[in-house]
Amino acid sequence: MLEPEKMPTRLVAFLEREHPGASVSVDSYEQIRGGYSRLTARFRTEIDGREQWMVARGDPPPEMSTCATDRAREWRTMRGLHDAGAPLPQPLYFDPDGTHLGTTAMVMDMVRGEPLLHLAARSNDGKRDALADQMAELAVAIHGADVARLNHLEVPTDWDSYIDGCIQGWRDIEAAHPEADPFIRYLASWLDQNRPPPAPLGLVHGDFQSTNVLVRPDGSFVALDWELTHIGDPREDLGWCRWNEAIQPPGLIDRDEEEFCRRYAELSGLSTDIVNPRTVSYFSVLSAIGACEAALPTVAAFASGLNNSLVTGYILGYISTFHQQFLEVTQGIEAAVSAEGVKP
Amino acid sequence: MISRPSCSRLLEVVRAELRSTVAPAVTDPGAAAVLGMIDSVLQNVAARCDHEVAWMRGEIAEIEDVARELIDAGVDTGSRVSDALARLRAHRSPSDHTADVQAEYDLAGEVLSRALEAALPHGGALRDRVRSVLEHRLRREVEIRGDFTLVGR
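Top to bottom, those sequences are chains Z and C. Just so we're aligned: the first sequence equals residues 355 to 698 in my numbering. Just so we're aligned: the second sequence equals residues -1 to 151 in my numbering.
For the record, the hints were derived by calculation from the structure and aren't laboratory data. Check the hints yourself; a few may be wrong.
[Stated by the list, open to error] Just a sample of chain C residues kept apart from chain Z, beta carbon distances all over 10 Å, derived:
{"id": "1", "residue": "Pro3"}
{"id": "2", "residue": "Gly56"}
{"id": "3", "residue": "Glu62"}
[Said to hold, decoys possible] Part of the chain C face toward chain Z, derived, beta carbon under 8 Å:
{"id": "4", "residue": "Gly107"}
{"id": "5", "residue": "Glu108"}
{"id": "6", "residue": "Thr147"}
Positions of the beta carbon are idealized from the N, C-alpha and C atoms, including for glycine.
With the hints as constraints, model all of the structure from the sequences given.
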């Protein structure tokens, strides 16, 4: 993947190892643009005459990394969830140390479809309302997935200790960063003092947003990018999706947040005391921990000259946007609580 | 050295040339996305380069003021703010070189972080006063960043 011109040959050798004795060919190798964290490419295979399009997803070299996550963990997550029937591409093969593909990489079945963000952008209001409903359904399907096969994921003992861990995680990220970040320290203290009612813990996608959803020709949704998946509070995904809508319009949740929450609550069986725009707002900033935990080490490496990715320099603007959201969301919730006399 | 035109002026012209001459010739979506990122980074640098040291010095002074107010209000439990403030004052920048001032600014950032942690539980005017320093910092960051949407998506 690091040397695209060599990839068809590498892939043939890799697939021949996976299918001993089979006749294998690979062509039409093409990199896929749009994602920031991993190298992604599509290609066509024929294995004993059977055609299949596949996608390879691998790590960039360390000096070009923008996001420090573990491919082996993502592979195990995808395998376990696919077996459990979750809506994701079928994971097919894994090269854990890059021996065969030049970098740690997985290969999955290619899902034919359109990114949800693109579909939303060319849809009218009525269609976007329907897409928002489907987004709620997808979230419920993910959050309700059977996690029995995901024994590599840490299971928190209870909701409070999980939130304690997230808040401590924020403090740890800040402590490890080479520059003081008072926004993060402020956020950690604020999150600790303004906890919403607890929700049952379950599977959290971790990067749930419309750029990570493909819409198949039949209209069904498939979720991509499972590198930040964990066991946590399902409202993290709703909050993170809502957060991303602010920088990647058009949004689906923000069209009518009350209605989206009501729909999610109805499908999930949770009450609207637990899932509502205020609690989603709380989790829109708490859930940013996944992205910050992955991005800030690369920013630190960039500052010291160990990372040379333009994307890393570019996402400084993204971090300012995080800071902006931290203040706006926390002050917004305070204002709502003050005006309505309700708990966050 | 030649100090005029300023760094920001030079970057302004580079950005304009990229937009008017280079961007129309770029048809590959990946290269166009890279060009969008380059423009964003250049905008960021252009906003910072002529003012960065002055802005950091101004904010350091503001943080010291608010830390003093918080200490005087008697809410600096465990002297965490006082300790950070003392460390800041003991390690002033020895020069106007950016790296030296950045080091002092980093220490001031720790003072502000501790001041926020001390003020938040008390709420009210004290919390709002300390948070106003964070709001000023944010306004500057947003000014540097400009409008931001992810390119290439």
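These are the hints, each one checked on the structure:
no. : hint   : verdict
1   : Pro3   : holds (24 Å)
2   : Gly56  : holds (16 Å)
3   : Glu62  : holds (14 Å)
4   : Gly107 : holds (3 Å)
5   : Glu108 : holds (5 Å)
6   : Thr147 : holds (5 Å)
Taken one by one, the earlier hints all hold for this structure without exception.
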